[in-house]
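Undergrad: With the hints as a guide, bring the two chains together.
Read top to bottom, the protein sequences are chains Y and F.
For the first sequence, the working numbering begins at 1 and goes up steadily by one.
For the second sequence, the working numbering begins at 1 and goes up steadily by one.
Hints are not guaranteed to be accurate.
Claimed, not checked - Residues of chain Y placed beyond 10 Å of chain F at every Cβ, according to the derived structure:
1) T21
2) V48
3) M92
4) K102
Claimed, not checked - Not the full set, but computed from the structure, chain F residues with beta-carbon under 10 Å of chain Y:
5) D17
6) A18
7) R37
8) A45
9) T46
10) S82
11) R93
12) L115
Rather than coming from a laboratory, the hints here were simulated on the basis of the structure.
In this text, a Cβ means the ideal position worked out from N, Cα and C, and glycines have one as well.
Each chain is listed here by its residues.
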Amino acid sequence: MQVPILKQGPYLIATIQSALTDADIVQLRDALVEQVGRFRSRGVIIDVTALDVMDSFATGTLRDVAHMVRLRGAETVIVGIQPDVAFAMVHMGLTLEGVTTKLDLEEGLDHLNRNIKTTAGR
Amino acid sequence: MKPLGVLEETRVVVATDADIVAARMHGRALATRLGFRATDATLIATAISELARNILLYAKTGEVAISVIERGERRGVAVVASDEGPGISDAARAMEDGFSTSGRLGLGLPGVRRLMDEFRIRSEPGKGTTITMRKWTQCRQVDRAGARRKGHAGMREVR
Numbered sequence: 001m002q003v004p005i006l007k008q009g010p011y012l013i014a015t016i017q018s019a020l021t022d023a024d025i026v027q028l029r030d031a032l033v034e035q036v037g038r039f040r041s042r043g044v045i046i047d048v049t050a051l052d053v054m055d056s057f058a059t060g061t062l063r064d065v066a067h068m069v070r071l072r073g074a075e076t077v078i079v080g081i082q083p084d085v086a087f088a089m090v091h092m093g094l095t096l097e098g099v100t101t102k103l104d105l106e107e108g109l110d111h112l113n114r115n116i117k118t119t120a121g122r
Numbered sequence: 001m002k003p004l005g006v007l008e009e010t011r012v013v014v015a016t017d018a019d020i021v022a023a024r025m026h027g028r029a030l031a032t033r034l035g036f037r038a039t040d041a042t043l044i045a046t047a048i049s050e051l052a053r054n055i056l057l058y059a060k061t062g063e064v065a066i067s068v069i070e071r072g073e074r075r076g077v078a079v080v081a082s083d084e085g086p087g088i089s090d091a092a093r094a095m096e097d098g099f100s101t102s103g104r105l106g107l108g109l110p111g112v113r114r115l116m117d118e119f120r121i122r123s124e125p126g127k128g129t130t131i132t133m134r135k136w137t138q139c140r141q142v143d144r145a146g147a148r149r150k151g152h153a154g155m156r157e158v159r
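Chain F with its partners taken away, still in its complex shape (with noise of 0.2 Å):
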């Protein structure tokens, strides 16, 4: 596989709601400026507002970066979502449906993998969370559907 490039990337400290609103609406700048669809533009601002609101919820304050991504011809954005906070126990478990060990609406995770077209986690209890997730522009949909016949869907693994 061809090297990922990363062209350009911009922080968003995420430490009150007003930062959640901040991080999305330059996703959704980024995307189009890319290229991107509305819809998708639309896809990638709200699964920023829902990675952003984990890191105010559970860990306080994080980070959010968000890049532009090129991988040979391919471009797309790519978002990292981060946080020094309690990171979660089980993160296979946080990726089903309806998992919550609040008894709230859960974390979300399964809703926000489908907005994306990779997504990855990477927590440990007491250090914290990493969750990295692209998107594509539209040129490769054909190569997406492809990869998933044969039984790639991206970067799914869960660690």
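Bound conformation, chain Y alone (with noise of 0.2 Å):
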């Protein structure tokens, strides 16, 4: 099952919409990286609220992505981590060291706006 990709403004917001399997990460991994450059985004929200499971192909691939993404220039806000995904990550030890997450979408936004106003403000 595809993601799909909202271009909203300066900003591309993935919402992943039910289970995902592998090959539909890599996929979403693949599409943001080449859209990025493609619509010029600064900023990437994805928004994992309804993921069922962040196991450690999951958690890796994310953290790819913010990490492909960064090297294309812009930022990736990874958002809506629920408690019970979270306490499995821990107990995993799964970590997005490195990767921004925020509460949901409305936080992620909010970080983006303020974020990238500063940039353009230099």
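TA: Below you can see the structure in the form of structure tokens.
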């Protein structure tokens, strides 16, 4: 199941809507990294609220997305990690070090708006 | 110890990455039906996801059997992930944090073990790997804590 990516101004917003296979997550990674260039996006938000499980593959691939997008000159925010999912990740020892996470889409947008405005003002 | 009863069992063949999702969703549904808290159902689903992916990565195909189990008054979920892949030459080391033969993230087995109450791995090079793990519903939390104090942490041995 493909994840829809919405272009909203300088941002790309990917909202995961169901459980994803490994191939789906890889496809999402590649699409985001490509579209950041095509739309000259400044920020990417990945909303994982509906993701059933954040296992080692999902965590590793989302971390890769954030790092690849940063290399392309944009910023990634992962939003919507649910309490149960966070609990499982901590028990497994999975981290999203170096990746910005925010509570929900609203907080994620707020973060990007503040950060990108600061940069533009310099 | 009272004998272990297996009440119902579902087998999910693992041959594609869609099967990983099918296996973990089944595990979550079963856990929820048994009365596991949502948090524990997520732990079970995550553990199944990891083991199913290991099958796909290292053995190409295999099977995940998910069953309802009981021992005396206790009820729980058992997950048996088995394959006839290359096996693990040093199962004890595979249970150490940070150990990997592939140079990637590793099997992630120490992490998976922390999600469940009981965990056992049997592996023979060239013959395959079978991992059995169990999680019991909440009511036995106190007993588990007691068992830990006495130094018994369920079936932890590695063969």
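Undergrad: When the hints from earlier in the document are held up against this structure, which numbers fail?
TA: Of the numbered hints, 1, 3, 10, 11 do not hold.
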